[in-house]
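J.: From just these sequences and the hints, can you work out the full model?
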Amino acid sequence: MLMALVFAALLAVPPGVRGDAPAPATLRLWHSYRGAERDAVERVVAEFARIHPEWPVELLAVPYEAFANKLTSAIPRGNGPDVFIAAHERLGDWVESGLIAGLPEGDPWSGFFPATVEAVTWKGRQFGYPLAFKSLALFVRDDVLGGPVPGDTDSLQAACRRMAAGRPGNFCIAWEAGSFYHHAPWVFGFGGGILDKDGKPRLDRPENAASVAFVTGLTKDGHMPQEPTSALITQLFNEGRVAMAVNGPWFLGELAPGVKYSVHPLPRVSSTGLPATPFLTVDAAMVSSKSTVPEAAGALARFLAVEGAAPRLVDARQVVALASAWDLTDVAVDPIVVQFREAAAAAIPMPNVPVMRAVWEPASQALRAALRGAAEPEAAMESAMQRIEIATRPRPAAANPLFALAGLAILGIAALVWAARRFRRDDTWSRMRASSHAYAFLAPAAVATGVLVFVPFAVGTGVAFFSHHQGEFTYVGLANFINILGSTDYAVTEPLSFWFTLGVTVMWTVVNVFMHVSIGVALALVLRRPWMKLRGVYRVLLIVPWAVPSYITALIWKGMFHKQFGAVNGLLVWLGLEPVSWFSHFWTSFAANVATNTWLGFPFMMVVTLGALQSIPGELEEAAEMDGATAVQRFFSITLPLLKPALLPAIVLGGVWTFNMFNIIFLVSGGEPGGSTEILISEAYRWAFSRQEQYGYAAAYATLIFLFLLAWSLAAGRLQRRTA
Amino acid sequence: MAELKLRGVGKVYDGGVRVLSGIDLDVADGEFLVLVGPSGCGKSTLLRMIAGLEHITEGTLEIDGRVVNDVAPKDRDVAMVFQSYALYPHMTVRQNMGFSLQIRRTAAAEMDAKVEEAARMLGLSGLLDRLPRELSGGQRQRVAIGRAIVRRPRVFLFDEPLSNLDANLRGQMRVELKALHRDLGTTMIYVTHDQIEAMTLADRICLLEGGHARQVDTPSGLYDRPDSRFVASFIGSPPMNFLPLAPAGNRLTAAGISIPMPAGLPSDRLRATVDVGLRPHELGLAETDGGSIDATVDLIEMLGWDALVHARCGDVPVLAQIEAHGAAGLEHGAPIRFWAAPGAAKLFDHETGRAIKGGGAA
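Taken in sequence, the protein lines are chains U and V.
For the first sequence, position 226 matches number 226 in the numbering used here, and the numbering has no gaps at all.
For the second sequence, position 200 matches number 200 in the numbering used here, and the numbering has no gaps at all.
Mixed in with the good hints there might be a few duds.
A few chain U residues that don't get close to chain V, going by computed Cβ distances all over 10 Å [to be verified]:
| no. | residue |
| --- | --- |
| 1 | K220 |
| 2 | S436 |
| 3 | T630 |
Distance condition first, Cα-Cα at most 20 Å in a straight line; then the derived SDA-like pairs of lysine to any residue [unchecked claim]:
| no. | chain 1 | residue 1 | chain 2 | residue 2 |
| --- | --- | --- | --- | --- |
| 4 | U | K644 | U | G611 |
| 5 | U | K533 | V | V17 |
| 6 | V | K114 | V | D77 |
| 7 | U | K197 | U | W122 |
| 8 | V | K357 | V | A248 |
| 9 | U | K260 | U | G147 |
| 10 | V | K74 | U | F636 |
| 11 | U | K644 | V | L131 |
| 12 | U | K70 | U | I651 |
| 13 | U | K290 | U | L59 |
| 14 | U | K70 | U | K533 |
| 15 | U | K290 | U | S637 |
| 16 | U | K197 | U | W360 |
| 17 | U | K644 | V | T92 |
| 18 | V | K357 | V | T253 |
| 19 | V | K74 | U | G124 |
| 20 | U | K197 | U | P456 |
| 21 | V | K114 | V | Q95 |
| 22 | U | K644 | V | Q95 |
| 23 | U | K644 | V | R133 |
| 24 | V | K74 | V | S44 |
| 25 | U | K200 | U | G124 |
| 26 | U | K197 | U | P351 |
| 27 | V | K74 | U | L620 |
| 28 | V | K74 | U | E622 |
| 29 | U | K290 | U | L103 |
Simulated restraints on C-beta separations [stated by the list, open to error]:
| no. | chain 1 | residue 1 | chain 2 | residue 2 | range |
| --- | --- | --- | --- | --- | --- |
| 30 | U | P649 | V | E301 | 37 to 45 Å |
| 31 | U | P649 | V | D203 | 51 to 59 Å |
| 32 | V | R120 | U | K644 | 26 to 34 Å |
No lab work stands behind these hints: they were computed from the structure.
All of these numbers come straight from a predicted model, not from anything done at the bench.
We put the CB at the ideal spot given by N, CA and C, even for glycine.
T.: Structure (structure tokens):
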């Protein structure tokens, strides 16, 4: 999280330092395609360059994860592309922040499928040429299903019941039920909706609750696997343990070779007669508003959409948005691509309004709560609404920065005066000159530290006094801090509250450090015993958890805590106990996080202890033995006090690491249930990246974390000096 | 207070390395026994086995008639002073000395009284609230001793307790230890490699070599009646001279050396070569009827009242301790004749090193 802010801050550094600008006439095209799609786009661009030699094109593939961030930071500073290919979801945001240009009126939009044109339309005007579209579809393993593909939910349930009779441990259908994107088709199928006619989120409708109840029922009856993740669904489908999967075209890349499947539209909901309607995501070619060659950029974007449609359809198997491209008779189109187009016929464009991004996290959380049985569907949807309202609440009013600026100026002048006086009094200048070599050697490190630590730190702290909305930062004074510390928008006992999360974080840190130290010290003591054979082997094995990248460990442990397929529940069942739904309750979820982090954290303490034990003479323990002390007395009166000087700094450091242990929280519990196991750092991330880009609010969190850890380090330092 | 009885005690480490074998030893109640020997002779191991810090792999150890081979150190009621003192660095002198009492849940008042009494005996009264690192070496040594005596164990064990002190302090502490033993009257077993410490402190000495007990005797017994050439060479400073001589009639001779045969040792009972031991102070420049050694002066060490004359008789080095005025004017390369004190010569088998005693079996 801090790193993300640091990078945001670095990107905010004035332009001119990065990238060598190409010649003015060169068109820059950014995309995030890979493989066949990338090849197809490159061929289309080459064709464009052949026709228009006066407009050379420079292609840049930007990783998907970084794409939106790079665009929003590069375009306003003139370093961005002229044309870029991106999903249409953020179109509204980009138009409002002035990143993309409207396209000329009167272009023949009728050539594209209407839904794709709707996707690139903002307030009545088009802002991109639709290239291709994706939506969820029904993947069927006909060999496993052994019957007709269900066309509605009644026949789906009938098929599921028929299958369940035969084969335990297998499932009828699966999708990422805990993700609201995957659930959305049922919302529409049951006649519900997400936004009201004013474009405001409205989840608390009876139809939405009915859609949730439908999915909960499928899970409860054992037709769907529990806690389904994308990896789990892929595995089940490939192994033939699930007959149907709802997924997007990207699923194709994960299917094992030789798996026989077909693609179909999602079934209708029998009670309403409406089709389950997935969201349509449209890849569009958009033109930057800062392009120096708008005419050429427009031409390239159009070329990609129109002339490029056929190669993209045929070679890259894209479901292209240009209707006429499908009428090719001379080349055979892959039947799967046709099936995808048919599945998308009912799809509706994903709303391109910015507020949509505030919906995903709370809606998904509510879904998972309902699926676990922790909340009734209606209540879950209502609590999601409350969270959406908090995320979309009005920004704090702008404050007058004059006061703060004056204060800063006075502080700055005072610091300068003080420094100047010190300089003169201590004759610092001539002394510095005398050891100028030393300063020269220090300079690179000092500059690097300044650029990599102090500048981002200052920027991050500064951002905490601003409010961010669609690319604009407004100075709001202490409003963020007052809101956070005053817990003004939610009760202190709610997971969203800073104080609640602080409590969880402190408990998380204390429990973890206690576990790390006790297990680490215990293992170190055992490893030191002379009767231990193969000590070296054990020592290496015990350090392994430390050497494995922590996110891999986190994902493995998350898998082990899976309710249906996890090793932990497997063990419980083997012991004759009930399986536990680990992420349904605060304490079990917290325990899962702690178990994972303990696994990661004890080797460090063990290594520190092993080192410290080397410096304790064996005779001390022997002397204590002669004095009559038992092993326990020897440990607590001799060994532990002597380990203290080495352990205390390790504990301080371990405390800081654990306090900010983002990976484990984010990857293992993900804050479940209901965000209650979030710690401050992961909560800051959520404010910044899944709740309407409230960067200022998140930066205020980060600043508070910093202050808290600073206080902790100072207190610990004092403690250390006193005991030393 | 206690008696110790060791029977056939030996130690073999896991890797098969043998460091001690067949030690038989009786330590009387209240006795001060010193284990002495060169480095690696196993004396510290033996002490640690008595303490219980090392497992006894062979034989038995009895304390007051009870076999304690498998008794934990804390239940043997012995106290040990380590070479490095092993003071607990995070505890004050008072806490260090009181630790064993605290472990036994002694009442605070009684504990204070005992610690202060021990501190008074050792002259530590003003230092009770200091940490070990604030003390000098000698003071630390006293604290280590204080920690041992405060709980009045049946046996005290000392593992080279003085070897980390400078020579002056060592001499002083030696005297204090002797006085302490007199005052406490407790059985003490003391390990050292320094034969002077052994001679001055011990009621009896056990001399170890190569994992075997070579001789157990009083200091004067070891000095006057060594069982072997090794014992004779180890005890006494400066060390004894050994001259390889040939029996010839009633004399023992070599080129430039002629010593009368000790009484009761007919020459026909001797081998062709005999090692004759003479302590340096038993050689003088005044003529005696103890025999003579013709040698060449190598160098002189003046000690003040007396002097050490290093000389050479052929290949055999000869060391004499004579009065300083007699050594004045001797120069390198000058010929010199030493006269042995009558009846001083001790005979050792040249092959086995065993003492050859008059009248007994050879």
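J.: For this structure, which hints from the list above don't hold up?
T.: Going through the list in order, the structure violates hints 3, 12, 14, 15, 19, 20 and 30 and respects the others.
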